[in-house]
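Listed below, chain by chain, are the residues.
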Amino acid sequence: MSSTAATTDRPRRDNPTIERLKSLEFWSEQAAIIGLLIAVVVFSILSSTFLTGANISDLLVSAAILVLLAIGQQFVVAVAGIDLSLGATLPLGACVIGLTVATHGWSLGPGMAAAVVVCTAVGIVNGTIIAKVDVSDFIVTLGTFGVVNGLALISVDGTSVAVNSTFLQDLALNSFLGIRWFVWIGLVVAVVAHLAIFRTRFGLGLLATGGDRAAARSMGIRVDRRRIAAYAISGALAGLAAILLVARTGSADPALQTNLLLSSIAAVVLGGSSLFGGKASIVGTIAGALLLTALINGFTLLEISEYYQPIAVGLVVISAAVLSRFQGRTG
Amino acid sequence: MAETNGSTAFSLVTDQAEPNAAPGEPLVEAVDVVKSYGAVKALRGASITVRRGEVHALMGDNGAGKSTLIRCLAGVHPPDSGELHFDGQPMRLTAPSDARDLGIETVYQDLALVQELQVWQNLFMGRELHSGPFLRRVAMRDRADELLGDLLVNAPAARARVRGLSGGQRQSVAIARAVGWSSALVIMDEPTAALGVQETAAVEEVVERLHKDGLTVLLISHDVEQVLRMAQRVSVMRQGEVVGDREADDTSADDIVALITGASREDKA
Amino acid sequence: MNAHLSRMVAAALLLLAASTAALGCADRDAGGTEPGKASVAVATRNFNNPYWAALRDGAVAEGERLGLEVNVQAGASETDAAGENQKISTQVIQDYSCYAAVPVNATNIITPLLPASRDGKAIINLDTQIDLAAADESGLGVTSFIGSDNVQAGEIAGKGLLEAIGGPGEVLILKGIPGEQNGINRIKGFTEATRGKLEIVGSQVANYEQSEGLNAAEALLKANPNVKGVFAANDTMALGAAQAVRNADLSGEVKVIGVDGIEQALEAVKSGKLEGTVTQYPYVEGQLAVQACQALALGKKIPRRIVSPVALIDKSNVDRQIKAFPKPIIDYKNPLTRLLKGES
Numbered sequence: 006m007s008s009t010a011a012t013t014d015r016p017r018r019d020n021p022t023i024e025r026l027k028s029l030e031f032w033s034e035q036a037a038i039i040g041l042l043i044a045v046v047v048f049s050i051l052s053s054t055f056l057t058g059a060n061i062s063d064l065l066v067s068a069a070i071l072v073l074l075a076i077g078q079q080f081v082v083a084v085a086g087i088d089l090s091l092g093a094t095l096p097l098g099a100c101v102i103g104l105t106v107a108t109h110g111w112s113l114g115p116g117m118a119a120a121v122v123v124c125t126a127v128g129i130v131n132g133t134i135i136a137k138v139d140v141s142d143f144i145v146t147l148g149t150f151g152v153v154n155g156l157a158l159i160s161v162d163g164t165s166v167a168v169n170s171t172f173l174q175d176l177a178l179n180s181f182l183g184i185r186w187f188v189w190i191g192l193v194v195a196v197v198a199h200l201a202i203f204r205t206r207f208g209l210g211l212l213a214t215g216g217d218r219a220a221a222r223s224m225g226i227r228v229d230r231r232r233i234a235a236y237a238i239s240g241a242l243a244g245l246a247a248i249l250l251v252a253r254t255g256s257a258d259p260a261l262q263t264n265l266l267l268s269s270i271a272a273v274v275l276g277g278s279s280l281f282g283g284k285a286s287i288v289g290t291i292a293g294a295l296l297l298t299a300l301i302n303g304f305t306l307l308e309i310s311e312y313y314q315p316i317a318v319g320l321v322v323i324s325a326a327v328l329s330r331f332q333g334r335t336g
Numbered sequence: 070m071a072e073t074n075g076s077t078a079f080s081l082v083t084d085q086a087e088p089n090a091a092p093g094e095p096l097v098e099a100v101d102v103v104k105s106y107g108a109v110k111a112l113r114g115a116s117i118t119v120r121r122g123e124v125h126a127l128m129g130d131n132g133a134g135k136s137t138l139i140r141c142l143a144g145v146h147p148p149d150s151g152e153l154h155f156d157g158q159p160m161r162l163t164a165p166s167d168a169r170d171l172g173i174e175t176v177y178q179d180l181a182l183v184q185e186l187q188v189w190q191n192l193f194m195g196r197e198l199h200s201g202p203f204l205r206r207v208a209m210r211d212r213a214d215e216l217l218g219d220l221l222v223n224a225p226a227a228r229a230r231v232r233g234l235s236g237g238q239r240q241s242v243a244i245a246r247a248v249g250w251s252s253a254l255v256i257m258d259e260p261t262a263a264l265g266v267q268e269t270a271a272v273e274e275v276v277e278r279l280h281k282d283g284l285t286v287l288l289i290s291h292d293v294e295q296v297l298r299m300a301q302r303v304s305v306m307r308q309g310e311v312v313g314d315r316e317a318d319d320t321s322a323d324d325i326v327a328l329i330t331g332a333s334r335e336d337k338a
Numbered sequence: 039m040n041a042h043l044s045r046m047v048a049a050a051l052l053l054l055a056a057s058t059a060a061l062g063c064a065d066r067d068a069g070g071t072e073p074g075k076a077s078v079a080v081a082t083r084n085f086n087n088p089y090w091a092a093l094r095d096g097a098v099a100e101g102e103r104l105g106l107e108v109n110v111q112a113g114a115s116e117t118d119a120a121g122e123n124q125k126i127s128t129q130v131i132q133d134y135s136c137y138a139a140v141p142v143n144a145t146n147i148i149t150p151l152l153p154a155s156r157d158g159k160a161i162i163n164l165d166t167q168i169d170l171a172a173a174d175e176s177g178l179g180v181t182s183f184i185g186s187d188n189v190q191a192g193e194i195a196g197k198g199l200l201e202a203i204g205g206p207g208e209v210l211i212l213k214g215i216p217g218e219q220n221g222i223n224r225i226k227g228f229t230e231a232t233r234g235k236l237e238i239v240g241s242q243v244a245n246y247e248q249s250e251g252l253n254a255a256e257a258l259l260k261a262n263p264n265v266k267g268v269f270a271a272n273d274t275m276a277l278g279a280a281q282a283v284r285n286a287d288l289s290g291e292v293k294v295i296g297v298d299g300i301e302q303a304l305e306a307v308k309s310g311k312l313e314g315t316v317t318q319y320p321y322v323e324g325q326l327a328v329q330a331c332q333a334l335a336l337g338k339k340i341p342r343r344i345v346s347p348v349a350l351i352d353k354s355n356v357d358r359q360i361k362a363f364p365k366p367i368i369d370y371k372n373p374l375t376r377l378l379k380g381e382s
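Quick note, the sequences are listed as chains A, B and C, same order.
In terms of this note's numbering, the first sequence has 149 at position 144, counting the first letter as 1, and numbering is strictly consecutive.
In terms of this note's numbering, the second sequence has 317 at position 248, counting the first letter as 1, and numbering is strictly consecutive.
In terms of this note's numbering, the third sequence has 317 at position 279, counting the first letter as 1, and numbering is strictly consecutive.
No lab work stands behind these hints, which were simulated from the structure alone.
Please read all numbers here as calculations on a predicted model, not as lab measurements.
Glycine included, each C-beta is placed from N, C-alpha and C at the ideal position.
Any given hint might turn out to be false.
[Said to hold, decoys possible] Not the full set, but computed from the structure, chain C residues with beta-carbon under 10 Å of chain A: (1) S127; (2) I131; (3) N146; (4) G177; (5) P216; (6) G217.
Construct the complete structure from the given sequences, taking the supplied hints into account.
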């Protein structure tokens with residue numbers, strides 16, 4: 006074939022690293038890591054505390070809950086979905102621990118397991134309605150947000166329940182091999198998630214389902230199952246995050262409303278994933294979560310007013326979204 | 070490219086099934102197939118015989134029933150009545166996977182490629198090589214590079230993302246995937262309809278090489294010149310029936326156009 | 039995926055973090071802790087609520103007055119326990135001499151403050167009492183609680199309403215979030231102060247919300263035509279109840295009294311819609327927190343419980359309070375003044 010027309014070259018013939026550095030797409034996909042590097046450099050210049058071992062350790066611990074939620078969100082986004090119910094599933098998980106352990110006197114192990122099971126069930130319900138009835142993920146998870154929120158309130162009768170446990174306190178404060186337990190948990194989940202998405206048939210099916218559901222289906226992938234699984238994983242990780250939340254706050258609070266839901270989506274977008282699905286990056290998502298946490302940490306150290314923090318976080322997310330325009334979704 | 074007993078050398082797997090019939094024998098037959106969608110009768114007794122080793126073109130106007138007929142052969146829609154044969158045996162297809170198990174692969178117009186994924190991931194999608202829960206990524210990439218390199222002059226890298234490929238390369242990847250699974254028959258639905266002149270030439274070359282290698286192809290096309298260039302046999306559909314079968318050497322563009330438009334009609338029993 | 043490059047970048051980042059982490063322990067940007075001079079970290083739920091903003095302003099103003107470093111941080115909302123905890127744990131790293139915090143619930147600030155407590159830093163509980171049993175169990179040493187006495191606030195409200203009604207009569211009660219201790223204490227104080235004099239004929243939960251207060255009061259007023267007064271456990275519910283009274287054309291006949299002293303309530307007292315409000319002074323709580331920390335830095339012993347003032351604001355003194363807001367218009371006995379005398 007003598008065609009030298011507008012076909013792409015074989016990238017493997019060139020130096021792929023140099024090629025990649027030249028493309029705007031690369032920079033948009035690495036937005037979180039680059040943003041994190043910039044934040045680290047700026048904050049360490051402005052604050053002598055920022056790059057101390059104690060603060061880095063605190064930053065990573067603070068980020069752990071968000072990291073778990075963002076990885077769960079990443080699975081859902083990988084199948085071109087979105088899980089808005091996470092914001093309510095997290096306090097529900099906490100309330101399950103409060104209800105079982107503090108109110109009904111279960112021991113901690115079964116109580117924590119119950120939290121994960123209940124949250125996973127929420128995910129399965131989400132996924133089943135979305136995949137089998139083919140209703141908009143946005144609507145379904147917004148609806149379950151309300152239902153789950155109500156269940157959490159009912160379960161503990163609307164009040165916060167104190168969960169006193171030296172195990173949970175140690176989990177929140179202690180270290181293993183010099184690294185805090187929260188960080189270990191985030192690390193292990195991240196590695197498992199990365200392997201699951203990029204190294205298994207299951208993960209490839211997830212990405213195919215998210216990238217082009219019709220194509221995946223016609224290649225024999227059971228797309229419904231993959232979608233349900235993604236939401237189930239998201240729920241399960243919310244349950245795990247709930248354990249960390251109870252450990253950190255010493256209580257199960259049904260009214261707990263946090264920015265964690267929006268931050269989980271922001272972290273995934275910052276990490277270079279496409280909300281249209283088919284593209285995932287655990288490394289990017291974690292960098293996104295760390296960036297969002299580092300901004301708050303740095304602002305706290307510098308005593309910058311509370312009011313500026315959401316503005317900065319918002320601007321960072323918008324910048325990432327603008328960059329992602331250059332990811333050229335050619336048809 | 071190592072040629073073995075007439076089977077295609079282009080394969081994603083090493084343990085491929087050997088064909089058990091000689092070239093020229095009927096491979097897939099449809100006899101008097103009727104298919105209605107509600108009140109619309111899309112097929113009114115269509116019959117076609119695709120012979121082993123041939124590139125068989127299927128032509129006809131829009132709405133003549135071409136797509137419905139290949140959907141019946143691909144297992145997407147079971148026919149209302151009529152018979153399907155594979156290798157002389159009756160075949161019952163209830164799902165696309167049934168057809169695929171027999172070795173009938175279809176390259177649809179939308180190609181069914183996931184843009185965000187890499188070429189090798191698309192080639193092996195749904196049929197990945199794995200050990201335990203883990204993918205054998207290196208093995209699949211190597212195999213994909215080999216296959217594409219054998220098949221295409223300007224092959225994309227196995228690790229290239231489909232989104233970055235040209236239309237012709239995508240078509241080639243989709244065809245490569247269809248032939249890569251030791252297929253008996255590859256159905257191609259207007260593979261060059263969306264392509265420019267040079268890319269069309271490239272895809273035609275791929276089909277030509279596959280034909281030389283012994284692959285059987287059922288090709289839907291609107292381009293008479295292309296059909297006469299590539300196919301050994303041409304069937305023309307009109308109003309849900311196959312109204313003419315021609316050997317490519319025995320016919321002309323005018324003859325085929327006349328069959329398509331209904332200016333001449335040769336009823337088949 | 040770009041896995042290769044991102045891995046390289048991530049590795050570089052980790053290396054950077056690890057190498058600087060090895061450099062050792064933290065020192066705060068604004069200078070270390072001088073002996074005899076407290077450095078104070080204050081944390082509260084949020085700054086959107088004027089109540090907590092006043093607490094912050096009081097702490098900052100007192101810090102300036104005494105020449106002390108004061109850092110006030112907050113979460114994002116009334117229930118943002120995780121956000122507040124994150125702020126606290128960052129403050130703990132900055133090594134202040136004294137930590138004062140308003141909890142979101144009975145336990146949330148215990149875990150993040152533990153490392154500071156183990157370091158021997160002073161911990162002061164502000165405004166809302168934490169679960170002391172849980173604090174003890176985890177080993178958190180709480181030096182002192184600073185807050186208003188909500189039972190006392192309820193008592194003052196009860197006496198005020200009794201006086202406004204001018205004799206025995208039927209009253210209604212609007213309750214806050216079920217299980218919330220401050221609200222429970224206010225109702226308790228009110229009930230005890232009016233026992234035998236005012237008859238509580240109806241009470242309903244309205245979750246500290248104005249619209250719920252309006253709806254609940256409307257329903258209760260219809261069911262109880264002889265009602266003379268309403269006690270709401272906070273001002274927003276009181277404002278809702280005042281609206282219900284006006285809707286029922288009972289202005290002047292049914293007196294409404296609330297607790298908190300928010301600006302809207304003061305305006306309503308001025309215009310006569312509200313009979314009165316028992317104001318608390320979060321601004322003073324902030325001041326007291328900084329003073330307590332400084333007293334501790336000077337080696338003084340401070341009381342386990344420091345009560346910040348409350349006062350009934352009615353038509354007679356509302357103008358003065360609006361002018362002085364958020365500072366108090368009453369004299370109160372500050373046990374810390376003596377401890378700090380001559381030292382700053």
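Hints, one by one, checked against the model:
no., hint, verdict
1, S127, "holds (5 Å)"
2, I131, "holds (5 Å)"
3, N146, "holds (4 Å)"
4, G177, "holds (9 Å)"
5, P216, "holds (5 Å)"
6, G217, "holds (3 Å)"
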